[in-house]
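Visitor: The primary structure of each chain is shown beneath.
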Amino acid sequence: MTDPIHQFQIHKLFTIVKIGAAEIALTNSALYMIVAVTVICAFLIGSTRGRALVPGRLQSVSEMLYEFVADMIRGATGPEGMQFFPLVFSLFAFILVANTMGLIPYGFTVTSHIIITAALALLVFLTVIIAGFWKNGLHFLKVFVPSGIPIYILPLVSAIEVMSFLTRPLSHSVRLFANMLAGHITLKVFAGFITMLGAAGLLGWFGAAVPLALTIALTALELLVALLQAYVFAILTCIYLNDALHPGH
Amino acid sequence: MVDSRDQDTGSRSTDEAAVSARLRRLGERLDRIGSSRSKDAGAAPGPRADTSGFARGFRLSTEFVAGVLIGALVGWLIDRWLRTSPWGLIVFLLLGFGVGVKNVMRAAGLASNPAAGAERRED
Chain A
1 MTDPIHQFQI HKLFTIVKIG AAEIALTNSA LYMIVAVTVI CAFLIGSTRG
51 RALVPGRLQS VSEMLYEFVA DMIRGATGPE GMQFFPLVFS LFAFILVANT
101 MGLIPYGFTV TSHIIITAAL ALLVFLTVII AGFWKNGLHF LKVFVPSGIP
151 IYILPLVSAI EVMSFLTRPL SHSVRLFANM LAGHITLKVF AGFITMLGAA
201 GLLGWFGAAV PLALTIALTA LELLVALLQA YVFAILTCIY LNDALHPGH
Chain B
1 MVDSRDQDTG SRSTDEAAVS ARLRRLGERL DRIGSSRSKD AGAAPGPRAD
51 TSGFARGFRL STEFVAGVLI GALVGWLIDR WLRTSPWGLI VFLLLGFGVG
101 VKNVMRAAGL ASNPAAGAER RED
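Line by line, the protein sequences are chains A and B. Here my numbering is used: position 92 in the first sequence is 92, and no number is missing along the way. Here my numbering is used: position 80 in the second sequence is 80, and no number is missing along the way.
It is worth saying that the hints were derived from the structure and are not from the lab. Remember, it's a predicted structure, so these values are computed and weren't measured experimentally. The C-beta atom is built at its ideal place from N, Cα and C for all residues, glycine as well. Do not rely on the hints blindly, as some may be mistaken.
Stated by the list, open to error - Now the in silico label distances, taken between C-beta atoms and shown as ranges: (1) T84(B) x I149(A): 24 to 32 Å; (2) I149(A) x R24(B): 19 to 27 Å; (3) G57(B) x F14(A): 36 to 44 Å; (4) W134(A) x G109(B): 25 to 33 Å.
As the list claims (entries may be wrong) - Which stretches of chain A does chain B cover? Using the computed rule of at least three CB atoms under 8 Å from a CB of chain B, they are: (5) 157 to 167; (6) 171 to 178.
Using the sequences and the hints given, assemble the complete structure.
Guide: So this is what it looks like as structure tokens:
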């Protein structure tokens, strides 16, 4: 019951289709992803349906969400970055909702699995490469050649720049994954202390107050981390997309 | 005689011009560094910046570890591909450390970010 890793287990709910030995099943992870996307779509469509000139409460929430992401993109990449608005907004909304849904008791955190975050980070990485070559042709390779570097150390610097570019999907995905994993394990461990101490009699009840207070504080911290990591993922996406749009520097 | 004095003043004036040009360039560079510093310092306490020190520390550590890991991976793949073991791993692991340090400095705002070029152009 107090096993802190148990919450990350993926189990299949039912099998959809079976192709040879491989089977495609609906897992709890897939279910939570579907729920997250449904929540986002339902909220955005439902809140903007009134199309009021003076927005109501829900409509102003979705307008604020739009303004927040739009400002983020304009700040990091300039106005021409707005063509990537759908991508950045989808990533931000998905991670935000998936992170916060994971905080609901008995919930499952989709972003605590590295396969999910790595897929999202690789999506951004490939978008940057394809969009960079599409828009700038071979000028995109200027990303790897910083200006004002003497010619004799240019090969070394270029090698470092290329490898620095390759580290992006790794650090981009590990940051989100590890934050969610570590936070949820910590939360579960401290919550486990409460039940363990509570079983130890009257003195244990007083002792259990300490981890209980800590768990409440950690829940607040986790909420902050969940929101912050969604923002960090989105702002890094913008910074990487900026390279695709303005490779020369 | 007139010739030599002319030459003298001429060379001195070019010297002075060169020195003043260098001073001006130095001043411009200092201004640029100062403005980027103050921009960073001004951005840090803002509500939109990543305020949590934990998140910042975590970001820097992942940047460094990612550099080393990618260096090791690239070196290992090159060794497998070209059968140059162990030289690829040695060279690229060392390069990976360099990449990690550079990533950390960039993330901390101490080194110039190539992505910052666009902002500078807009200024």
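Visitor: For every hint, state whether the structure bears it out.
Guide: Each hint tested on the structure:
no.: 1; hint: T84(B) x I149(A): 24 to 32 Å; in the structure: holds, 27 Å
no.: 2; hint: I149(A) x R24(B): 19 to 27 Å; in the structure: holds, 22 Å
no.: 3; hint: G57(B) x F14(A): 36 to 44 Å; in the structure: holds, 43 Å
no.: 4; hint: W134(A) x G109(B): 25 to 33 Å; in the structure: holds, 30 Å
no.: 5; hint: 157 to 167; in the structure: holds (count 7)
no.: 6; hint: 171 to 178; in the structure: holds (count 4)
Of the numbered hints stated above, none is contradicted by the structure.
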